[in-house]
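2 protein chains.
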Amino acid sequence: METMNQLPKSYITECGWLRAGDPTDDLVISSRIRLARNIEGIPFSQWASSTDLKRIAEQTRKAVSNSDHLHNPDFYAMEELEPLDRYFLAERNMISRELAKSGIERYVAISPDQTSSVMINEEDHLRIQVLMAGSNLSRVWTQIDAVDNELEDHLTYAFSNQFGYLTACPTNVGTGIRCSVMVHLPALVISRRIDKVFSAVSQMGVAVRGFAGEGSEISGNLFQISNQWTLGISEKETIEKIEKLLEHILGQERKAQEKLFEENRCQIEDRVWRAYATLRYAKVISSNEAIELFSSIRLGLNLGILNKPRYESLNEMILKVRPAHLQKFAERAFTAAERDEFRADLIRRWIMNGDS
Amino acid sequence: METMNQLPKSYITECGWLRAGDPTDDLVISSRIRLARNIEGIPFSQWASSTDLKRIAEQTRKAVSNSDHLHNPDFYAMEELEPLDRYFLAERNMISRELAKSGIERYVAISPDQTSSVMINEEDHLRIQVLMAGSNLSRVWTQIDAVDNELEDHLTYAFSNQFGYLTACPTNVGTGIRCSVMVHLPALVISRRIDKVFSAVSQMGVAVRGFAGEGSEISGNLFQISNQWTLGISEKETIEKIEKLLEHILGQERKAQEKLFEENRCQIEDRVWRAYATLRYAKVISSNEAIELFSSIRLGLNLGILNKPRYESLNEMILKVRPAHLQKFAERAFTAAERDEFRADLIRRWIMNGDS
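So the sequence lines, in the order shown, correspond to chains A and B.
Under the working numbering, the first residue of the first sequence is numbered 1, with each subsequent residue one higher.
Under the working numbering, the first residue of the second sequence is numbered 1, with each subsequent residue one higher.
These are computed hints drawn from the structure, not numbers from a lab.
In this text the structure is predicted, and so the values were computed from the model without any measurement.
Don't take each hint at face value.
The list cannot tell twin chains apart, which means a pair is met if one copy fits it or any two copies do.
Calculated lysine to any residue pairs in the SDA-like style (CA-CA distance at most 20 angstroms, straight line) [as the list claims (entries may be wrong)]:
1) Lys328 - Arg254
2) Lys101 - Asp145
3) Lys308 - Ala207
4) Lys259 - Gln46
5) Lys308 - Arg280
6) Lys283 - Glu263
7) Lys259 - Ala337
8) Lys283 - Leu306
9) Lys101 - Gly205
10) Lys255 - Arg332
11) Lys259 - Glu289
12) Lys283 - Asn307
13) Lys283 - Gly304
14) Lys328 - Ser65
15) Lys62 - Thr13
16) Lys255 - Ser50
17) Lys259 - Lys283
18) Lys283 - Ile305
19) Lys283 - Cys266
20) Lys328 - Ser96
21) Lys101 - Glu82
22) Lys236 - Glu258
23) Lys236 - Leu346
24) Lys244 - Ser138
25) Lys62 - Glu98
26) Lys283 - Ile297
Make the full structure from the sequences, and use the hints.
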């Protein structure tokens with residue numbers, strides 16, 4: 001398994017994990033699980049010496065290359081990747097923003113289909129992640145559990161019989177699992193019922209975040225719903241609980257959409273068609289505005305106001321309009337102004353092609 | 001000359017004065033002159049008894065019906081017109097908002113081509129007005145001067161050899177003339193140079209107002225430029241002065257447009273195309289938003305970004321989207337929400353027809 005110092009060209013056009021799972025889901029963009037793992041007898045990354053970090057990397061790399069379920073992954077050293085490539089991977093949710101900042105002895109292994117990755121020397125020695133489109137936590141769990149078991153054949157994880165897996169941050173101790181589902185909830189936002197729904201679920205130990213993850217602003221009515229508990233509850237129970245809450249939230253959103261369309265049909269049609277119009281005719285579009293407009297387009301698809309683009313194509317555009325993606329696609333660096341023009345151009349061609 | 005109690009149907013589709021003059025002017029929407037006149041020996045309207053008001057109306061009506069230059073005008077009693085019809089006339093700038101509020105013995109005579117009108121018992125006994133599209137003060141003056149002379153054959157105006165025409169408000173004493181030119185100055189607004197330009201011209205006795213006249217908010221980058229002096233300066237000098245200042249302001253606007261397009265081409269194209277997109281696809285548009293969007297369309301025509309609609313058609317739409325016009329056109333009363341939907345519909349059909 002060679003260490004690669006640049007991303008394959010195919011990454012630019014193919015957002016692998018967006019094609020796995022269920023890309024046609026109307027309300028759920030993606031399902032993700034990550035496991036936090038550490039190797040017994042070596043300090044957590046933050047306190048580890050460079051020799052320690054090297055040992056972690058060597059052991060993990062060996063384990064990773066032997067994993068059947070990772071299908072001979074690509075292996076990248078953060079230090080050897082261009083900053084643009086690192087930010088590209090972060091935008092695509094294959095690595096964390098933290099890892100994208102680079103640093104010594106930091107790596108990621110990515111399966112060829114882009115659904116599975118193992119970050120090395122992030123907050124924990126290993127952060128295993130599996131990501132798929134749509135609402136698919138069970139299938140994601142099957143994959144990540146298999147990878148985790150394979151890695152454990154070659155690594156001795158730090159584990160306590162009392163607490164479970166030991167992790168750098170106490171919030172992960174136990175199963176070390178985080179399940180995240182990215183959902184689109186425009187009607188709950190428009191009808192101002194989102195806070196009520198979220199305060200109800202947060203009392204059940206569920207965190208809600210903006211779509212770029214921890215600390216990020218909410219935008220485009222996209223939200224990440226994830227568990228806050230890792231202790232005293234099994235992985236399967238965690239997944240079941242999240243899935244049950246998800247079902248509840250999606251039910252609320254569907255009801256809110258129906259009600260909104262019944263009571264404010266004209267305003268909703270106006271919002272959808274104005275978004276379509278802007279995407280089709282604007283010459284300058286910021287990343288944030290694009291995400292907001294895509295939200296209205298998705299709502300238009302949900303309500304049958306629009307019959308294209310496909311959800312899969314819309315999901316891909318949410319990634320493609322982001323800064324690093326745009327620059328990789330254009331194969332050149334941009335000023336901020338050029339970026340907004342290029343983005344508008346890309347979007348216009350996409351809308352005009354109907355469904356690219 | 002019968003008193004009519006409803007407007008002719010042709011008013012709805014034909015904005016007469018917008019077709020007279022120069023409807024193809026790129027920056028000037030309209031030129032208007034009004035003269036304030038009072039009949040000698042009768043108190044100003046505000047202090048006149050109902051018998052006085054009746055006398056004014058009778059004398060003026062007779063004079064008006066004898067005017068060749070008014071071409072057998074239509075004669076309306078405010079009290080007998082539906083409120084909607086009165087507001088329609090005010091929106092079309094044929095009568096003042098003050099007269100549209102109705103009141104006893106208030107009338108207006110309107111020439112069949114809608115360019116000339118005489119209001120009776122407004123602030124002054126007579127308010128004579130001529131209105132044409134484009135930059136046409138001289139032609140407007142020729143017409144209004146002819147009407148004024150004809151009326152004077154039948155009426156004895158209150159006139160002082162020292163001051164000139166006597167008027168209810170001291171600001172009109174002298175010539176009683178107000179010349180107003182409605183101009184569109186988007187580039188001066190966008191480049192934030194408008195205040196500088198206006199403060200320069202206001203030192204020369206010129207007033208600048210929003211497009212609906214006195215006290216109105218500025219919208220759609222439309223401004224009314226008019227003289228503030230009526231004393232110690234002849235009508236022709238007044239017109240020459242306004243025309244000279246107008247030329248200066250229009251020159252500044254043209255320079256600002258060129259500079260803007262040179263330095264921010266993409267932003268300007270973006271603004272124009274977004275306006276086009278919204279007009280084409282929105283399902284709900286307020287009157288104010290429409291006026292703002294039309295401004296961007298006009299700028300697009302000025303800069304050659306768009307090649308339709310024609311200026312004449314755009315000028316007409318500025319009138320047609322206003323509340324009373326819309327309701328006359330639909331032949332029914334609207335709620336505010338229905339009005340915004342109907343407006344969006346009207347605009348969409350207009351844009352799609354290319355140039356209606």
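Taking the hints in turn, this is what the structure says about them:
In this assembly of identical chains, Lys328 and Arg254 lie within 20 angstroms of each other by CA distance neither inside one copy nor across copies; the values are 37 angstroms within and 41 angstroms between. In this homomeric assembly, Lys101 and Asp145 never come within 20 angstroms of each other (Cα to Cα): the closest approach is 28 angstroms inside a single copy and 78 angstroms across copies. Proximity of Lys308 to Ala207 under the C-alpha cut-off of 20 angstroms is found in neither arrangement, the shortest distances being 32 angstroms within a copy and 53 angstroms between copies. Taking identical chains as interchangeable, the C-alpha atoms of Lys259 and Gln46 are never at most 20 angstroms apart, the minima being 50 angstroms within one chain and 55 angstroms between chains.
For the identical chains of this complex, Lys308 and Arg280 are neighbours both inside a copy (13 angstroms) and across copies (19 angstroms), given an alpha-carbon limit of 20 angstroms. Taking identical chains as interchangeable, the C-alpha atoms of Lys283 and Glu263 lie at most 20 angstroms apart only when they sit on different chains, with a minimum of 15 angstroms there against 34 angstroms within one chain. For the homomeric pair Lys259 and Ala337, the shortest alpha-carbon distance between copies (18 angstroms) is at most 20 angstroms, but the shortest distance inside one copy (40 angstroms) is not. Taking the closest pair of Cα atoms, Lys283 and Leu306 come within 20 angstroms of each other only across two copies (14 angstroms); inside a single copy the shortest separation is 22 angstroms, beyond that limit.
For a Cα distance limit of 20 angstroms, the shortest separation of Lys101 from Gly205 qualifies neither inside one copy, at 30 angstroms, nor across copies, at 63 angstroms. For the identical chains of this complex, Lys255 and Arg332 are neighbours neither inside a copy (45 angstroms) nor across copies (35 angstroms), given an alpha-carbon limit of 20 angstroms. In this assembly of identical chains, Lys259 and Glu289 lie within 20 angstroms of each other by CA distance neither inside one copy nor across copies; the values are 26 angstroms within and 27 angstroms between. For the homomeric pair Lys283 and Asn307, the shortest alpha-carbon distance between copies (18 angstroms) is at most 20 angstroms, but the shortest distance inside one copy (24 angstroms) is not.
Taking identical chains as interchangeable, the C-alpha atoms of Lys283 and Gly304 lie at most 20 angstroms apart only when they sit on different chains, with a minimum of 16 angstroms there against 27 angstroms within one chain. For the homomeric pair Lys328 and Ser65, neither the shortest alpha-carbon distance inside one copy (28 angstroms) nor that between copies (77 angstroms) is at most 20 angstroms. In this assembly of identical chains, the alpha carbons of Lys62 and Thr13 never lie at most 20 angstroms apart, being 30 angstroms within a copy and 81 angstroms across copies at closest. Taking CA atoms no more than 20 angstroms apart as the test, Lys255 paired with Ser50 passes in neither setting, with 54 angstroms inside one copy and 64 angstroms between copies.
In the homo-oligomer, the alpha carbons of Lys259 and Lys283 lie at most 20 angstroms apart only across protomers (19 angstroms), although the nearest pairing inside one protomer, at 35 angstroms, exceeds that limit. For the homomeric pair Lys283 and Ile305, the shortest alpha-carbon distance between copies (12 angstroms) is at most 20 angstroms, but the shortest distance inside one copy (25 angstroms) is not. In this assembly of identical chains, Lys283 and Cys266 lie within 20 angstroms of each other by CA distance solely across copies; the values are 7 angstroms between and 27 angstroms within a copy. Taking identical chains as interchangeable, the C-alpha atoms of Lys328 and Ser96 lie at most 20 angstroms apart only when both belong to the same chain, with a minimum of 19 angstroms there against 61 angstroms between chains.
Only within a single protomer do Lys101 and Glu82 lie at most 20 angstroms apart by alpha-carbon distance; the minimum there is 11 angstroms, versus 71 angstroms between protomers. When the C-alpha separation of Lys236 and Glu258 is checked against a cutoff of 20 angstroms, the pair qualifies neither within a copy, at 33 angstroms, nor between copies, at 66 angstroms. Proximity of Lys236 to Leu346 under the C-alpha cut-off of 20 angstroms is found in neither arrangement, the shortest distances being 42 angstroms within a copy and 57 angstroms between copies. Taking the shortest Cα distances, Lys244 and Ser138 sit within 20 angstroms of each other inside one copy (12 angstroms), while across copies they are farther apart (78 angstroms).
Taking the shortest alpha-carbon separations for Lys62 and Glu98, neither the intra-copy value of 23 angstroms nor the inter-copy value of 88 angstroms comes in at or below 20 angstroms. Taking CA atoms no more than 20 angstroms apart as the test, Lys283 paired with Ile297 passes in both settings, with 18 angstroms inside one copy and 15 angstroms between copies.
Consistency note: the structure conflicts with the earlier hints numbered 1, 2, 3, 4, 9, 10, 11, 14, 15, 16, 22, 23, 25.
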